[in-house]
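From just these sequences and the hints, can you work out the full model?
Protein chains in written order, with the numbering used here: chain A, 1 to 256; chain B, 1 to 244.
Think of the hints as simulated: they come from the structure by calculation, not from any bench.
Since we're looking at a predicted model, the values are computed, not measured.
Just so you know, not all the hints are guaranteed correct.
Partial list, computed: chain B residues near chain A (C-beta under 7 Å) [unchecked claim]: (1) D79; (2) R82; (3) V83; (4) F87; (5) F89; (6) S91; (7) A93; (8) Y95; (9) P107; (10) H111.
Think about it this way: if two alpha-carbon atoms lie no more than 16 Å apart in a straight line, the pair counts; the simulated EDC-like pairs of lysine to aspartate or glutamate are [as the list claims (entries may be wrong)]: (11) A/K30 with B/D75; (12) B/K50 with A/E121; (13) A/K23 with B/D75; (14) A/K135 with B/D79; (15) B/K232 with B/E244; (16) B/K233 with B/E219; (17) B/K50 with A/D124; (18) B/K191 with B/E33; (19) A/K135 with A/E34; (20) B/K192 with B/E33; (21) B/K213 with B/E225; (22) B/K161 with B/E129; (23) A/K83 with A/E185; (24) A/K135 with B/D75; (25) B/K80 with B/D59; (26) B/K4 with B/D67; (27) B/K40 with B/E219; (28) B/K80 with B/D67.
Computed from the model, here is a short list of chain B residues facing chain A with C-beta under 8 Å [to be verified]: (29) I53; (30) M56; (31) F106; (32) R110.
In this text, a Cβ means the ideal position worked out from N, Cα and C, and glycines have one as well.
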Amino acid sequence: MFYNKALDSFLEEAGDISRFTAKFFREFLKPRYEFSEFLRQCFYIGYKSFGLVAVTAFIMGLVITIQSRPTLVEFGAEAWLPKMVSISLIREIAPVITALICAGKIGSGIGAELGSMRVTEQIDAMEVSGTNPFKFLVVTRVTACITMVPILAVLAIAVSLYGAYLGCNIHGVVSWKLFWNQVFETNTFSDVVPAVTKTFFFGLDIGIIGCFKGYFSKKGTEGVGRSANSAVVISSLLIFVLDLVAVQIADLLGFT
Amino acid sequence: MSEKPILEIKNLYKWFGENHVLTDFSLDLHKGESIAVLGKSGSGKSVLIKCVIGLMQPDKGSINVFDLNVPDLNDQELDKIRVRIGFLFQSNALYDSMTVRENLEFPLRRHWLDTKKQSVDELVMEALENVGLKETVDMMPSELSGGMRKRISIARTLILKPDIILYDEPTTGLDPITGKEISRLMVDVQKKYNTSSLIISHDLNCVNIAADKVVMLIEGRNYAEGTLEELKKIDDKKVKQFFE
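Structural data, given as structure tokens:
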């Protein structure tokens, strides 16, 4: 009985999110375009998250390099350290970590902001003033997420590689030129394209789930907290699911 | 009043499951008139006003505003008539991420063709002057008191110079003195702009000051109507309990 109820509510929510996503694409194409609000959201989502993403990416690059080194030394393959670390960082770690940080920071922020606007009737106020709140609030935020998450991911890749370079030089000596030579020799266009492409879908996931949870927030302030929380949980989980799908598709298309 | 009503609600029904909130409710509002709908908490007053503005869909009945039946309108048509109807929310619903100026500019920039900075500024300052709060123009809503927020909310409602203003519990959460000030402001606004007002309230002071006529919403229908003095004289237990 419980199982059926849980499955029902899961399927119902999945259906609602799909409809919400379809509405996003419909409204995205229709004028009027809220360009200034889109730019404002890009600033909040991109610029204000960059510091956090950069610090995390730098530490990840550094830590992965330091932790990988002993194993490679054991096999006498220390010279491969820049190659191996850069593949992990570019293909997987930097895009996924960036997306997870964005899900935590941006997804929860959007969920809480729209949730509190819903419970304080600000969304209704927008609607009765003849403004389409879905277009003004949802389309701008989701579009900004789709735009900024890939940019943040590319920056995170660059910063994490710099961290990896420093990591290589803690116990050994790898020149700046040699490090980058190895990175560019190993990683080709077919490594970068799938890695960056999947971040557009991560951005869509973070924006849609954050907006969906906030836009339909209920039950007062308790509901706002729940919206922010579930926005993070669901979008983080979906990032891993999307990553799995992206890896399979990249594999099928020969990007490996 | 013989002329055609600006807002005509006919045989309106709205139910939520087994709970029948509005049952055969009817009301006419004429140009320049101010009607208060008086009822207990949970009697369906806010549902009624949300049906009028199209935020809720009634189950049966018609709501004619400017000769258009609101339940039949699509989103674009609704947006067009909403520009001519102001709505004052119980919670004020000021956009808390925007300054007072941006709150007032928001509807203006979307619906007013002349969006030159000077013209927009003039209209914003005029609306603020009408509510006596010019000095708050660059403040955030969180910096204002409850009464000030209500005034700013009225200014935002006024900025598009609507034909009808719907007030949802305008004095709720305010002390009696501020409540009276807001009620008087509603009268001033109505006279200055010659608007029609539909006031949803359970505050007799507000109704006494701001309404020409009172409709009692009891058991989901228009139970009694008249001036406040006329209603006080009705010998009916359900009506009398409001004035005891």
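Chain A contact restraint for B/M56 - C-beta distance below 8 Å: Interface hint status for B/M56: violated (10 Å vs cutoff 8 Å).
Going straight from one Cα to the other, do B/K232 and B/E244 come out at no more than 16 Å? Between B/K232 and B/E244 the Cα gap is close to 9 Å, so the pair holds against 16 Å.
Against chain A, with CB atoms and a cut of 7 Å, does the hint on B/A93 hold up? holds, 4 Å
For B/K50 and A/D124, compute the direct alpha-carbon distance and say whether it is at most 16 Å. holds, 10 Å
With 7 Å as the cut and Cβ atoms as the points, is B/V83 at the interface with chain A? This interface hint holds because 5 Å falls under the 7 Å limit.
With a cut-off of 16 Å on the C-alpha distance, tell me whether B/K191 and B/E33 pass. Since the Cα atoms of B/K191 and B/E33 sit roughly 10 Å apart, the hinted pair holds (cutoff 16 Å).
Should the hint that B/R82 touches chain A count as held when the rule is a Cβ pair under 7 Å? With a closest approach of 4 Å, the B/R82 hint holds.
Is B/K233 close enough to B/E219, meaning Cα to Cα at most 16 Å? With a Cα-Cα distance of about 20 Å, the restraint between B/K233 and B/E219 is violated, given a limit of 16 Å.
Hint validity - B/P107 Cβ closer than 7 Å to any chain A Cβ: With a minimum Cβ separation of about 4 Å from chain A (threshold 7 Å), the hint on B/P107 holds.
Under the criterion that the straight-line Cα-Cα distance not exceed 16 Å, is the pair B/K80, B/D59 satisfied? violated, 23 Å
Just to be careful, I want the Cα atoms of A/K135 and B/D79 compared with a cutoff of 16 Å; is the pair within it? holds, 14 Å
Does B/E129 lie within 16 Å of B/K161 when you go C-alpha to C-alpha? Satisfied, since the Cα-Cα distance of roughly 14 Å is no more than 16 Å.
Checked against the numbered hints given earlier, the structure breaks hints 16, 25, 30 and satisfies all the rest.
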